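Each protein sequence line maps, in turn, to chains L and B. Using the numbering used here, read the first sequence as starting at 1 and increasing by one per residue. Using the numbering used here, read the second sequence as starting at 1 and increasing by one per residue.
Honestly, the hints are just simulated from the structure, not real lab data. Here the structure is a predicted model, which means the values were calculated and not measured. Treat the hints with care, since some could be wrong.
One copy or two, either will do: identical chains are not told apart, so a pair holds if it fits within one copy or between any two.
Straight-line Cα separation of at most 20 Å, SDA-like style, residue types lysine to any residue; simulated pairs [claimed, not checked]:
1) LYS132 with GLY280
2) LYS72 with ILE21
3) LYS72 with GLU216
4) LYS72 with HIS234
5) LYS75 with ARG44
6) LYS132 with GLU216
7) LYS132 with ALA19
8) LYS132 with ARG333
9) LYS75 with LEU110
10) LYS75 with SER323
11) LYS72 with ARG315
12) LYS132 with PHE299
13) LYS72 with ALA28
14) LYS75 with GLY319
15) LYS72 with SER185
16) LYS132 with HIS22
17) LYS132 with ARG58
Take a look at the letters that make up each chain.
2 protein chains.
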Amino acid sequence: MGSRDEVTAPTRRPRRSGATIHDVADAAGVSTATVSRALRGLDRVSPQTRARVLEVARTLSYVPSPSAASLKSGKTSVVGVIVPFLTRWFFTTLIDGAESCLRQSGYHLLLFNIGSRGKARPQVLDQQLLAKRLDGLLVLSADLDPPEVAMLRDLELPVVTVGLDLRGCDRVGIDDVAAADTAMSHLLTLGHRRVGYIGGNPDHDVHMATAVDRWEGVRRAVQRYDVRVPRDHHVYGDWTVRGGMAAAGRLLDRTAPPTAIMAASDEMAIGVICEARRRGIRVPEQLSVVGIDDHELSFTHDLTTVRQDVPELGRTAAGLLLSGLSGQERRRRRQVVLPTELVVRGSTAAPHRRARSA
Amino acid sequence: MGSRDEVTAPTRRPRRSGATIHDVADAAGVSTATVSRALRGLDRVSPQTRARVLEVARTLSYVPSPSAASLKSGKTSVVGVIVPFLTRWFFTTLIDGAESCLRQSGYHLLLFNIGSRGKARPQVLDQQLLAKRLDGLLVLSADLDPPEVAMLRDLELPVVTVGLDLRGCDRVGIDDVAAADTAMSHLLTLGHRRVGYIGGNPDHDVHMATAVDRWEGVRRAVQRYDVRVPRDHHVYGDWTVRGGMAAAGRLLDRTAPPTAIMAASDEMAIGVICEARRRGIRVPEQLSVVGIDDHELSFTHDLTTVRQDVPELGRTAAGLLLSGLSGQERRRRRQVVLPTELVVRGSTAAPHRRARSA
DNA sequence: TTGTACGCGTTATCAT
DNA sequence: ATGATAACGCGTACAA
């Protein structure tokens, strides 16, 4: 009995990797070309043929080989996402927003965590590799060094950036100058005059542009109120809670400490609140604190902040990329600026009489 | 002058996608087979030939086409990562740990955010697609429904899970029962006898196994201390801060509210702290709070918790996957259990005299 | 040690 | 509307 199989199936080893387009073509009694056309929704296929092919493909649970398809077509249905950090709320929220959009359009996400500058980055980004694996690229607020920028430009792929400016690339972001201006103005309006600012170090930083722009916003606000941020009231943090604590410590050690501190990010602002608590300084009674971002957990510290809609930033970036992917011809570069909004919570208040007059 | 080019280069249009193996072979004066062997470090290539090929490949900045290579070899150098959430610290930290390991070994990460159960998940996971695009799979604490589990099993790929148990798959995690036992025992040791527990709902939950195990740990601890958690002191949260607040509210509304609350995650525990603050209940004087995880921001709320080393979980999972990828034959299934550690901070203390005697 | 030639599974061009 | 067939770029028997 068993011998029958051995005869009818000479060398047909069981193929575990699933059906091929040939199997579908045979089973449907058409050519592979027709199967391809039918499955991809192209025209020049009769409705009944298409229906039959679809049916057969379904029963064989046929899925085209991505390798073969992209070898021929040059398209991979994969977009890359470059981030400097994976463990920070801002980036994962961006990715989350972008991912849902891209997946709905049939794209997969390949993750590139390039880390801070100066780490083992050379190996991560490789022009050729990117070009051959990806249909498009999302660069999320990662500071790139000049060679990397050049590489991305030569890459002839649609590139969309979030939170940084890459010449020629579509871009989405917020107005960092305005956001910082809003935060600082809030403190000044409350009556604070001795204010401290914790920013990013524009020299050694991963978020160079953001650091520069937010400081510019601070500068404008204080100037409008005819106030100065003395040199020793402007310190650098590393955008983390711990960094915020350390920076706050330095500010609070001054002989005339500030009555209010603004941090360039919510994480650092939370650090300020922690350091204040550690020293027994009450917020907001003795120290007002404001940040920027509206981090997911900022409300747990009742932190006043300037909100940016991070999921929407991600979705918008994905949308721009998709429209670039759909093969439309190069229009001119697009830039989207999303609004920000002051969120007043309990970490800011008018300064104490005593502090104010000091 | 220009006419010379037209003659010598009949149809050679400029290929923007980079050099192919043929270009390298021509430039090095060898065959494509030799180039392939030389570049992939196989033997049967003379040292000088190899050196020449390497040099030429470098100057042409040649990179093999992943599509062509995987079409032929069946390997993609891509591993998939399945997560239920992208925006939660636990998952991104896992991914971060895994990513660094995998990248060092030349693998790329393809992200699958499958969301909570019951959402638009069917489209995300497709057996054939996964099989053809991936060399391996990391399943991070995502509850899969039975069809999905079956699909992954049929997938003949190395699969490693973190925080859940998939029959036959290598697995890494912590001892959730012990971790919960530790947390609850800490409260009981301090003298608390009226304790509340905020767990995950084992029925509608994304973290079914975790929910079940952590409750079991609680059960063992209270049993050992001859204490009961009355039915109305055991409530469900959704693992978020907001969910923790809501659940805490319910507990604190009881006629005899607990003097201590344990939450199955730090995020929910932070929610408890927030809700307590909202109601003017002081922590730890009037209410002790303990969580599990040691979330990145838990220290900002001075939260006592049971730490798990999440980055290490990710790295370990990646390591298991890599050893599965390297083609070694099936040994028996491996399970790694990483230790946990009680981290005592300021959110727990002995109960007030009055509350204790109540 | 090296080269030749075939096949991987698809898409695209042409002919019918 | 459909079919035959030539690439796509690489890996690898097998021949030399």
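From the Cα coordinates, with 20 Å as the cut-off, is the pair LYS132 and GLY280 best called within, between, both, or neither? Neither. Shortest intra-copy (57 Å) and inter-copy (59 Å) distances fail the 20 Å Cα cut-off.
Given identical chains, is LYS132 near ALA19, meaning Cα to Cα at most 20 Å, within a copy, between copies, both, or neither? between (26 Å within a copy, 11 Å between copies)
At most 20 Å between CA atoms: does that hold for LYS75 and LEU110 within a copy, between copies, both, or neither? Classified as both: same-chain Cα gap 14 Å, cross-chain 16 Å, threshold 20 Å.
Is it within a copy, between copies, both, or neither that the alpha carbon of LYS72 lies no farther than 20 Å from that of SER185? Neither: 57 Å inside a copy, 62 Å across copies.
With identical chains treated as interchangeable, where does the CA-CA distance between LYS132 and HIS22 reach 20 Å or less: within a copy, between copies, both, or neither? Cα proximity of LYS132 and HIS22: across copies only (17 Å, versus 26 Å in one copy).
Is the C-alpha distance from LYS72 to GLU216 at most 20 Å within one copy, between copies, in both cases, or in neither? neither (50 Å within a copy, 55 Å between copies)
Quick one: LYS75 to ARG44, C-alpha cut-off 20 Å, is that within a copy, between copies, both, or neither? For LYS75 and ARG44, the Cα distance exceeds 20 Å both inside one copy (22 Å) and across copies (35 Å).
Homomeric proximity label, LYS75 with GLY319: Cα distance no greater than 20 Å: Classified as within: same-chain Cα gap 18 Å, cross-chain 31 Å, threshold 20 Å.
For LYS72 vs ILE21, is the C-alpha pair at or below 20 Å within one copy, between two copies, both, or neither? both (14 Å within a copy, 16 Å between copies)
State whether the alpha carbon distance between LYS132 and GLU216 is at most 20 Å within one copy, between copies, both, or neither. This pair counts as neither: shortest intra-copy Cα distance 40 Å, inter-copy 50 Å.
Are the CA atoms of LYS75 and SER323 at most 20 Å apart within a copy, between copies, both, or neither? Within one copy only: 15 Å inside a chain, 31 Å across chains, cut-off 20 Å.
Checking an output row: LYS132 and PHE299, CA cutoff 20 Å. Within, between, both or neither? neither (44 Å within a copy, 44 Å between copies)
When held up to the earlier numbered hints, the structure conflicts with 1, 3, 4, 5, 6, 8, 11, 12, 13 and 15 and fits the remainder.
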